[in-house]
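Asks: Read off the chains here:
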Amino acid sequence: MLRPIRLMILAAVLVATTAASHAESNVASFRQATKEDVAVELSPEGAQGGATQLDSTSECVTGNPRTPRVHLAWALGDSRAFASRIDITKFREGFDMDNYETTGSREGDLEGLAVDVGETGVNYYWRVLTETSGGWVASDVSRFEVPTCPLDMPKDPLGGPEDG
Amino acid sequence: MLDYRPTLRFAVHGVVLSLLALPTFAGTPIDVTFDDVSPDQSDTDPSDPDGATGGRVNHVAVHPTNNQVMFAASEWGGIYSSTDGGLNWGFHPGHLPLATWDVEFDPTTPTRLYATSFFDGKITSEAGINVSADGGVTWTKPGTAEPPAGFCADADDEGEPSAFGISIDPGNSANVFIGTSCGVAVSSDSGATWTYRDPTGPANTGDRVWDTLALGGGVVHTCGDDGHQRSDDGGATWVAGSGLASGRCSLAVSPDEPYVVLAVVGTTIYETTNGAAGGGATWTQTRSNPTPQGRIPFVATNQRSGTTPDVFDLWFGDVSLFRVQCTSGTSSGGSPRCGTGNSPAWAGGFTRNVGGHDDTGDILFDSEAANDRCPLLFSSDGGVYYNTDDTADCHNPNWEQPDVTPHGLWPFAMSGADQAGAANEDLYFGNQDNGVFGTVDAGNDSPSWHNEICCDGFDTGAESAGIVYTICCFGGGGRSTRAFRGGPGFSGVGELDYPPSGLLPSFEYPDSFVSYAPLSYVTISRNCTVPNGGCQSADGGVFITTNIDANPVVWTELGDATEPPTGNICGVYAANDGTPTFYAQTGSCGSSGTTDRLWRFTGTNPNGSWTELFLPSGGFGVVAVDPSDPDLLLVSGLTSAGGGMFRSTDGGDSWDSIPSLDDLMDASGAIEFRTENGPSDFTGFNGYWQPSMVALDPNSSLAVAGAKDSGLFLSLDDGVSWSLITDPFTSDTSGVPHLPRLRYAYFDDEAGSNAGVYVGSQGRGIWRVDFGFIFADGFESGDTSAWSNEVP
Chain A
9 MLRPIRLMIL AAVLVATTAA SHAESNVASF RQATKEDVAV ELSPEGAQGG
59 ATQLDSTSEC VTGNPRTPRV HLAWALGDSR AFASRIDITK FREGFDMDNY
109 ETTGSREGDL EGLAVDVGET GVNYYWRVLT ETSGGWVASD VSRFEVPTCP
159 LDMPKDPLGG PEDG
Chain B
136 MLDYRPTLRF AVHGVVLSLL ALPTFAGTPI DVTFDDVSPD QSDTDPSDPD
186 GATGGRVNHV AVHPTNNQVM FAASEWGGIY SSTDGGLNWG FHPGHLPLAT
236 WDVEFDPTTP TRLYATSFFD GKITSEAGIN VSADGGVTWT KPGTAEPPAG
286 FCADADDEGE PSAFGISIDP GNSANVFIGT SCGVAVSSDS GATWTYRDPT
336 GPANTGDRVW DTLALGGGVV HTCGDDGHQR SDDGGATWVA GSGLASGRCS
386 LAVSPDEPYV VLAVVGTTIY ETTNGAAGGG ATWTQTRSNP TPQGRIPFVA
436 TNQRSGTTPD VFDLWFGDVS LFRVQCTSGT SSGGSPRCGT GNSPAWAGGF
486 TRNVGGHDDT GDILFDSEAA NDRCPLLFSS DGGVYYNTDD TADCHNPNWE
536 QPDVTPHGLW PFAMSGADQA GAANEDLYFG NQDNGVFGTV DAGNDSPSWH
586 NEICCDGFDT GAESAGIVYT ICCFGGGGRS TRAFRGGPGF SGVGELDYPP
636 SGLLPSFEYP DSFVSYAPLS YVTISRNCTV PNGGCQSADG GVFITTNIDA
686 NPVVWTELGD ATEPPTGNIC GVYAANDGTP TFYAQTGSCG SSGTTDRLWR
736 FTGTNPNGSW TELFLPSGGF GVVAVDPSDP DLLLVSGLTS AGGGMFRSTD
786 GGDSWDSIPS LDDLMDASGA IEFRTENGPS DFTGFNGYWQ PSMVALDPNS
836 SLAVAGAKDS GLFLSLDDGV SWSLITDPFT SDTSGVPHLP RLRYAYFDDE
886 AGSNAGVYVG SQGRGIWRVD FGFIFADGFE SGDTSAWSNE VP
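Top to bottom, those sequences are chains A and B.
In terms of my numbering, the first sequence is residues 9 to 172.
In terms of my numbering, the second sequence is residues 136 to 927.
Treat the hints as calculated values from the structure; they're not laboratory data.
A few of these clues could be false.
Where chain A lies over chain B, by a calculated footprint (3+ residues, C-beta under 8 Å) [claimed, not checked]: (1) 371-382; (2) 395-409; (3) 774-783.
Selected chain A positions facing chain B (in silico; Cβ < 7 Å) [to be verified]: (4) Asn72; (5) Leu84; (6) Glu101; (7) Asp124; (8) Thr128.
What the simulated footprint calls covered on chain B by chain A, stretch by stretch (three residues with Cβ under 8 Å from a Cβ of chain A suffice, anywhere in the stretch; the number is not a length) [stated by the list, open to error]: (9) 353-365; (10) 598-608; (11) 812-820.
Ideal Cβ positions, reconstructed from N, Cα and C, are used throughout, including at glycine.
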């Protein structure tokens, strides 16, 4: 019996679509996929217009120790796509067993996402669903690892909290 | 001219070990002596064990019948062992790979050991799986320990092997299972030969397996990038479990029920009570993690006795170390044996409050006891700590640092300052999670180190009047990284106000405070978001002060209108020939990527302009400027395919390649200049470029360069020609050390003493390198015109 897993998604920020500059725009949140999300009818495998070139880079956020951030990027297979959603799971079998989180359908910026993810050392599987005139098209599944961003706290001479 | 004493030898700790390929200049061999001067202990440990000297140790092992003999696999510094219960630790030069992960004894033939390591950069790699048949003195890598062609999920892992968790069949020690970057390596002949298995089946390719758990009778569990897999036939076929996340992980089994398996993946604790189910185990998240995210969490179990039903302890380590008693069942299935959430409550944490360093790695139990085995030793970011409690209460351990720890330090900063007298040299260095150290007698055979403060020491800057250092990470709403100023040897230390705009870069190798004249410093800050991390004002920049001891310190920003993009500024370098000149680097400062940029600023007029510099090809990597000659620079240039080393004598307006140094960096083709999946900081596998450090002596024509894997190189002619002075290939037999991931150099220019340099190695700590010759004149005067490029 699988227990629903809540990913530690702290925040997600859609960013602009140019490769050279990922300017921040609006904010999205991941949530556990619902029956409605799972029920989205996908175009047959191999359908045109799905996202390609899924890529991820990661960093530790400057000034915010213990905060990893992963930048997800992809290319649209159909420039006329008008919506997308990003699905994410930390289980290898997550998509097969409908155990994943999703942004839900989004309009607008369609080729980049920066995700502050809470669980270091975990590999997340992710995919992009793109809504085209031919229906929803799923990308291949890709994977990224959340980096370790240590926080080593001295005993604070100013009286602040301390831990490891 | 140089006064050269032609004694031909290599030595470590002053003892002549052997003659090998001596570096030569102008046809004359150089006499080079190496001394490991890393501290053995932390004097901060008694008040705060997060001050430490060991560097991170990932996993440890204890001799199956002699609880005084232990081995440790350090994160970046190789294999260490102790024969006195963990009080004194010594380096094992016979194990050549230095980025190690696990080590285990053969339980029936304890002279046989297995060790695993991450890729070592070599075309014919020694890394991955190593086996010793002589108690760890010598090690071999069996030919079949290399993954077969086409087997790896990531093709780059095929030539860049790494290996992880080791497990030995408790019923037949000839059967050994090791997780690798390409599936599971299985041996049925005590490590003589290996067969690679992919738990996801022959239709797939082998992915990363982080841990293995052999239970006897052919049963073996694995976890890693493919989640949980189990084989019941010694690895021939596998069945997948469900509900266990994918990623870095650790496995342990109940001593009472072989179908009860505990795991941690990422920072989440899982348990299965049907681990032997034919259709695959079902995992659930069970206990809460009291202190998530130190470095690399682990689980371990320990049989307890005297109660019905049977009980055992689950030990869990992340930031801190915890124990909980688990109650065994009688058949497969049912509720988690170790509880859920915080019920039963964790005992602990058993680290910083009981003498041990946070950010755990592994734990050892007394191998000479059958049940209720006392915890003997645990490992962490601070090295190893032994339990001083051997009574019945030993399960509430009290830890103590060894008398001589492993010297596996990971420096993040190093600076020095000249003082009169051969012994009186000020030397400071900061470390990943071992704090900031300093000494005022670095020239002594055994410098008297002081560990000023724990944690992450990102920057040091020094001149004869004192020290500036930074420490991360403070809470309480202020800046997470703070700067401090004190006199030599940390006298009178107080917090230093650094520029209010932006925040200091963190986890970058170049020091963010550089002294360019007495009491004069330059520093950088990176753009930030108010109020994150104590950010007071968003815009970063490059700032100078001419009096670091003023109260308040007055900081002047240089060229704000034309400044480099301070959103990712990472390094600053300074030179002064009467007119201060500053160089600022943006990007990753050589750690990753090929898009680093470099700028120059001449003078101290805040309205001056920054000028961007360009290499013939690639982005900037490591950078050095001669502190007394602003026009002389040494850098690496990085491209996606590789890159090379460059030298400029006109302040970066033009560049010459350095073929002799390029050839040394890749060991004439024997080492990859650019690795694809080589180990990167904090257990990443992002690959790297070889150049890790360049430095120019302000008082002479000496220069040094360092590499991740290919060694330390010396130039006597301001970086034109170079020679290798360490031994990256045969250090086990030559006696000449291999110093990996060299990050820092500080030249010790003392009139009347041999020329030398202190270097900081990520993994092997701080070394003094004596070049064996004396500069006859001009050393202290700074009169570089007196120097010759030739050894007489």
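Asks: Hint by hint, note whether the structure agrees.
Replies: Verification of the hints:
Here the segment 371-382 of chain B counts 7 residues with a CB under 8 Å from a CB of chain A, which clears the bar of 3, and the coverage holds. A stretch counts as covered by a chain when three or more of its residues have a beta carbon under 8 Å from one of that chain; for the segment 395-409 of chain B and chain A the count is 4, and the coverage holds. Here's how the segment 774-783 of chain B fares: 0 of its residues keep a CB closer than 8 Å to some CB of chain A, so the rule of at least three is not met and the hint is violated. For Asn72(A), the suggested interface contact is upheld, since its CB lies about 5 Å from the closest CB of chain B, less than 7 Å.
Of the supplied interface hints, the one on Leu84(A) is violated, with its beta-carbon coming no nearer than about 25 Å to a beta-carbon of chain B, more than 7 Å. Interface restraint check for Glu101(A): the shortest CB-CB distance to chain B comes to about 6 Å, inside 7 Å, so the restraint holds. With a cut of 7 Å, the hint placing Asp124(A) at the interface with chain B is violated, because the nearest CB-to-CB distance is about 12 Å. The restraint placing Thr128(A) at the interface with chain B holds, with a minimum CB-CB distance near 5 Å, inside the 7 Å limit.
Residues of the segment 353-365 of chain B with a Cβ under 8 Å from some Cβ of chain A number 3, which satisfies the need for three, so the listed coverage holds. Counting residues of the segment 598-608 of chain B whose CB lies closer than 8 Å to any CB of chain A gives 3, which reaches the minimum of 3, so the coverage claim holds. Under the rule that three or more residues need a Cβ within less than 8 Å of chain A, the assignment of the segment 812-820 of chain B holds, with 3 such residues.
The structure does not agree with the numbered hints 3, 5, 7 stated previously, though it agrees with the rest.
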